[in-house]
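So the protein sequences, as listed, match chains A and B.
So the first sequence is numbered by our numbering: it starts at 1 and just counts up by one.
So the second sequence is numbered by our numbering: it starts at 516 and just counts up by one.
Treat each hint with caution, since some may be false.
[As the list claims (entries may be wrong)] From the derived model, a few chain B residues whose C-beta atoms are all more than 12 Å from chain A: (1) V562; (2) P563; (3) A616; (4) L618; (5) A625; (6) S652; (7) I699; (8) S700; (9) Q707; (10) V718; (11) Q782; (12) L846.
[Unchecked claim] Calculated cross-link-like contacts (lysine to aspartate or glutamate; reagent style EDC-like; alpha-carbon spacing at most 16 Å): (13) A:K295 with A:D432; (14) A:K135 with A:D148; (15) A:K94 with A:E121; (16) A:K94 with A:E78; (17) B:K752 with A:E344; (18) A:K332 with A:D292; (19) B:K689 with B:E615; (20) B:K729 with A:D386; (21) B:K752 with A:E337; (22) A:K135 with A:E114; (23) A:K122 with A:E133; (24) B:K752 with A:E341.
[To be verified] Here are some of the chain A residues that sit facing chain B, going by a computed Cβ distance under 8 Å: (25) S338; (26) L359; (27) L371; (28) G375; (29) I385.
By construction, these hints were calculated from the structure, which means they are not laboratory data.
Ideal Cβ placement from N, Cα and C applies to all residues, glycine included.
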Amino acid sequence: MSTSAPTVEGAAEASASPVTVRLRGIGKRFPGVIANDDINIDVRRGTIHAIVGENGAGKSTLMKILYGVQPPDSGTIEINGEQVSLHSPADAIKAGVGMVFQHFMLADNLTVLENVVLGAEKLHGIGGDAHAEVKRISDAYGLGIQPDRLVEELGVGARQRVEILKVLYRGASIVILDEPTAVLVPQEVDELFGNLRGLKQEGLSVIFISHKLDEVLSVADEITVIRRGTTVRTVLPSEVTARQLAELMVGSELPSPSTETSTVTDTVLLSVQHLGLPGLEGRPLLDDISFDIHKGEVLGIAGVEGNGQAELVESIMAMRPGATGTVELAGKDLSHESTRERRESGIGYIPEDRQRHGLLLDAPLWENRVLGHQGRPPSANGPLIDKRAARADTERIIRDYDVRTPGPDALARALSGGNQQKLIVGREMSGDPILLIAAHPTRGVDVGAQAAIWAHIKAARRNGLAVLLISADLDELIGLSDRIEVILRGRLVGTFDPDDVTPEQLGSAMTGAGE
Amino acid sequence: MTPRVTRLVLALSAPLLALVAAFAITSLVLAAAGDPVLDVWDQILSVPEGRNVANIINSASVLYLSGLAAAIGFRMNLFNIGVDGQYRVAAFTAAVVAGEAWLPGYLNTALAILCAMAVGALWAGIAGVLRATRGVSEVISTIMLNAIATALVAYLLRKAAVRVEGSNAIGTKKIQESSQIPNISIGDGPGQEIYGFVIIAVVVGFLYWFVLNKTTFGFDLRATGRSTTAATASGIKITRMVVAAMLISGAVAGLVGLPILFGESYQYGSTFQSGLGFAGIAIALLGRNHPVGVAIGALLFAFLNEQSNPLQILVHVSPDIVAITQGVIVLTVVISYEVVRRVGVRLEQQAVARALEQERSDREEALA
Numbered sequence: 001m002s003t004s005a006p007t008v009e010g011a012a013e014a015s016a017s018p019v020t021v022r023l024r025g026i027g028k029r030f031p032g033v034i035a036n037d038d039i040n041i042d043v044r045r046g047t048i049h050a051i052v053g054e055n056g057a058g059k060s061t062l063m064k065i066l067y068g069v070q071p072p073d074s075g076t077i078e079i080n081g082e083q084v085s086l087h088s089p090a091d092a093i094k095a096g097v098g099m100v101f102q103h104f105m106l107a108d109n110l111t112v113l114e115n116v117v118l119g120a121e122k123l124h125g126i127g128g129d130a131h132a133e134v135k136r137i138s139d140a141y142g143l144g145i146q147p148d149r150l151v152e153e154l155g156v157g158a159r160q161r162v163e164i165l166k167v168l169y170r171g172a173s174i175v176i177l178d179e180p181t182a183v184l185v186p187q188e189v190d191e192l193f194g195n196l197r198g199l200k201q202e203g204l205s206v207i208f209i210s211h212k213l214d215e216v217l218s219v220a221d222e223i224t225v226i227r228r229g230t231t232v233r234t235v236l237p238s239e240v241t242a243r244q245l246a247e248l249m250v251g252s253e254l255p256s257p258s259t260e261t262s263t264v265t266d267t268v269l270l271s272v273q274h275l276g277l278p279g280l281e282g283r284p285l286l287d288d289i290s291f292d293i294h295k296g297e298v299l300g301i302a303g304v305e306g307n308g309q310a311e312l313v314e315s316i317m318a319m320r321p322g323a324t325g326t327v328e329l330a331g332k333d334l335s336h337e338s339t340r341e342r343r344e345s346g347i348g349y350i351p352e353d354r355q356r357h358g359l360l361l362d363a364p365l366w367e368n369r370v371l372g373h374q375g376r377p378p379s380a381n382g383p384l385i386d387k388r389a390a391r392a393d394t395e396r397i398i399r400d401y402d403v404r405t406p407g408p409d410a411l412a413r414a415l416s417g418g419n420q421q422k423l424i425v426g427r428e429m430s431g432d433p434i435l436l437i438a439a440h441p442t443r444g445v446d447v448g449a450q451a452a453i454w455a456h457i458k459a460a461r462r463n464g465l466a467v468l469l470i471s472a473d474l475d476e477l478i479g480l481s482d483r484i485e486v487i488l489r490g491r492l493v494g495t496f497d498p499d500d501v502t503p504e505q506l507g508s509a510m511t512g513a514g515e
Numbered sequence: 516m517t518p519r520v521t522r523l524v525l526a527l528s529a530p531l532l533a534l535v536a537a538f539a540i541t542s543l544v545l546a547a548a549g550d551p552v553l554d555v556w557d558q559i560l561s562v563p564e565g566r567n568v569a570n571i572i573n574s575a576s577v578l579y580l581s582g583l584a585a586a587i588g589f590r591m592n593l594f595n596i597g598v599d600g601q602y603r604v605a606a607f608t609a610a611v612v613a614g615e616a617w618l619p620g621y622l623n624t625a626l627a628i629l630c631a632m633a634v635g636a637l638w639a640g641i642a643g644v645l646r647a648t649r650g651v652s653e654v655i656s657t658i659m660l661n662a663i664a665t666a667l668v669a670y671l672l673r674k675a676a677v678r679v680e681g682s683n684a685i686g687t688k689k690i691q692e693s694s695q696i697p698n699i700s701i702g703d704g705p706g707q708e709i710y711g712f713v714i715i716a717v718v719v720g721f722l723y724w725f726v727l728n729k730t731t732f733g734f735d736l737r738a739t740g741r742s743t744t745a746a747t748a749s750g751i752k753i754t755r756m757v758v759a760a761m762l763i764s765g766a767v768a769g770l771v772g773l774p775i776l777f778g779e780s781y782q783y784g785s786t787f788q789s790g791l792g793f794a795g796i797a798i799a800l801l802g803r804n805h806p807v808g809v810a811i812g813a814l815l816f817a818f819l820n821e822q823s824n825p826l827q828i829l830v831h832v833s834p835d836i837v838a839i840t841q842g843v844i845v846l847t848v849v850i851s852y853e854v855v856r857r858v859g860v861r862l863e864q865q866a867v868a869r870a871l872e873q874e875r876s877d878r879e880e881a882l883a
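Excised from the complex, chain A in its bound form:
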């Protein structure tokens, strides 16, 4: 982890240039996780201002206030020296504030151009002018965007650039990015940071929300730390180390993902052979993938988002029709079994998108405990749902996995992301699985939940489970895995030993640069 190379000239610049966004005493009694209380931040023109804090510390609430999604209960917002009251995102856009959300707001079945002009038709129409303007912005900031491609064909990095372009197209001079690197690999992160530096050179202000401290230190000109809804301190990156920042954030040391001594055995638990999945455009989504995972072993899959990780997991879970090849678990051929039969054969599955694949958001927690376990105790008793046992077991998960909730009858939607994820981990670890598939298990969760989830994965490994770990966080992959396979364009292209590989080497393999 490099904590060096803070941008010194950026710091000097920072204190000189005028303030574009001035927040004073912002407070919000937000119904949900945490309130904002006395937030004070100055963002200067032509700088990247990072806001760091644990998930649930109030960063997202603050950004929603600044983007006009929610009004603050107290305090003032000044933009370019003028006090404004933002009642809607339209007001914010008018004031020059643009937002790139953590969850992209793009219509998959429209083209890039259509997505960009959607809601901004008055600016340049929807035809040739708009096309030219999109091209111009893309070229000016090196975003490399093809306006006529369908969004569904784009990878995560490209989608994010479309979101940034959307904001610029609407004339934003202040760009907010909410956890933009959570979904990117190192090379894409570098690219994004290059783009952000381009924005700031053009005199834009960038507000960058993150909890990845080394990234913040490398790209930001100023850093404001938020804890429990209030601003703790604003520091220059040259003044602090990642450790000091972390301590400001959580008041304790950062947890480390690294595992203890090897527990790998000779017993093969999961054997995947010649797995293939045909694609729509000729090139297969998965091409002849073979690997084994042993009892007590964590196999990490590294790859740039969209190279077949999701398809690999979903093929092993029998969620993708048309997959070929064999999947064997503990000697039992599962190739022709359904998702439920595979789950009941001992697969625990932490899906990549917990809100779409992991939870029924409008159902109580105990029903979410039943999900995926409909056919077996304690959730079910023959053809009947056993509500009492399911509730009792939900209470066990809440206790053992430290899910912060009033009780098993709370709706899943009311929980914070980290607590939702802890509930899912607890659920998937019940019913004695022998294989745990964890796709991005700590994506978008706070440091505390992250440490807890790492601990659970380590415990699973210690208890002799086979673990298939997919992650975009290379530190997490290197720290937890016993072996790392790199996936590129649907093929496994290299095996690495996490003990002697660097994130950079992995990154090269992931992009095919080493070929």
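On the provided structure of chain A, position chain B as indicated by the hints.
Chain B alone, transformed into the frame defined by chain A:
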């Protein structure tokens, strides 16, 4: 308030809000047309007589089955607009089977009911299979199937029908008395009898509640309705659930015409009541797909229909005004449920936040 009470209050406030709004809008329509607003409400909201009560219950039993059929689809986000066609094909089949009397007495009745359910299921199942295998929207296909059902029944009625005595109307053979379902008397006066089939409707309502809330199949169905992606990941086969839900919805739709068939008309003729399927969609919405809610919705619609009948004679206002009220109820219900749902989610989040804050301050105190 405990969360349970809060939820109950919220659940009840939505339909009440919707009713008040619907009555207000209807009053505006009446006033704008220059009709006597108070006289109309005076008649509609008067206490029904024994004979009318029986009519309301009878008509509600039919609407209830129709509402349940639609509700089964709704719980899975399937819009079975085809209840109307399904019940007509099914009632016709039941009338033919019962009229032919291949089996004696109540065996004949049971066979006819089973055939009705099977045909209703089959008719809906076509839409289910098209949706599951070809992605055809069930809204479109069931509307088409309604049109086909109308034509098919009219065509087959000509073949199977006998002339009704003393009239130009035609109908299927009359069901023998031994296979009719006897009515239940609820009072002494004339016409104070309710269909025996009402009991079957109540049983269907109970089964609906039991299967959806207590069985793993019902859990799968509700989970699929809430999130197909999460359902898939949990091991539910979506296509199979789509077909199953349509089959069950169609089977219940097959029962819709039967209270009338076995309790009143005893034959299927060209004058057999139509439009019951569409009312069911409105009633399912109003009753929030809950078995008791749908029952209340069915009773309300039946009440409004029955009470508006004499409007023309008494206050010279067309009873069609009630159709406006019913239509407006459906719209206001959709709106008020969404409003109440958002309030509910907010209250829930506040409760979670409060509980966590309490926990946190307790912990801090313990540390200090």
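Verify that the Cβ of B:P563 lies farther than 12 Å from every Cβ atom of chain A, and report whether the claim holds or is violated.
-> Given that every Cβ of chain A is farther than 12 Å from that of B:P563, nearest at about 39 Å, it holds.
12 Å cut-off, C-beta based - B:A616 kept clear of every residue in chain A = Check passes; 37 Å lies beyond 12 Å.
Are all C-beta atoms of chain A more than 12 Å from that of B:Q782?
-> The claim stands: B:Q782 keeps its Cβ more than 12 Å from every Cβ of chain A (closest is about 39 Å).
Could you check that no beta carbon of chain A comes within 12 Å of the beta carbon of B:A625?
-> The claim holds: B:A625 sits with its nearest Cβ about 25 Å from chain A, beyond 12 Å.
Hey, does the A:L359 contact hint survive, CB to chain B under 8 Å?
-> holds, 6 Å
Measure nothing beyond the straight line between the CA atoms of B:K729 and A:D386; if it is 16 Å or shorter, mark the hint as holding.
-> holds, 8 Å
Could you grab the alpha-carbon distance between A:K135 and A:E114 and see if it respects the 16 Å cut-off?
-> Distance of about 13 Å is within 16 Å: holds.
Pairwise hint evaluation, A:D292 against A:K332, where the allowed Cα distance is 16 Å at most | holds, 14 Å
Status of B:L618, Cβ more than 12 Å from any chain A Cβ = holds, 31 Å
B:K689 and B:E615: Cα distance at most 16 Å?
-> With a Cα-Cα distance of about 9 Å, the restraint between B:K689 and B:E615 holds, given a limit of 16 Å.
Pairwise hint evaluation, A:D432 against A:K295, where the allowed Cα distance is 16 Å at most | holds, 14 Å
Given hint A:E78 paired with A:K94 - CA-CA distance at most 16 Å = Roughly 14 Å between the alpha carbons, so the hint for A:K94 and A:E78 holds.
Violated hints are absent here; each numbered hint is respected by the structure.
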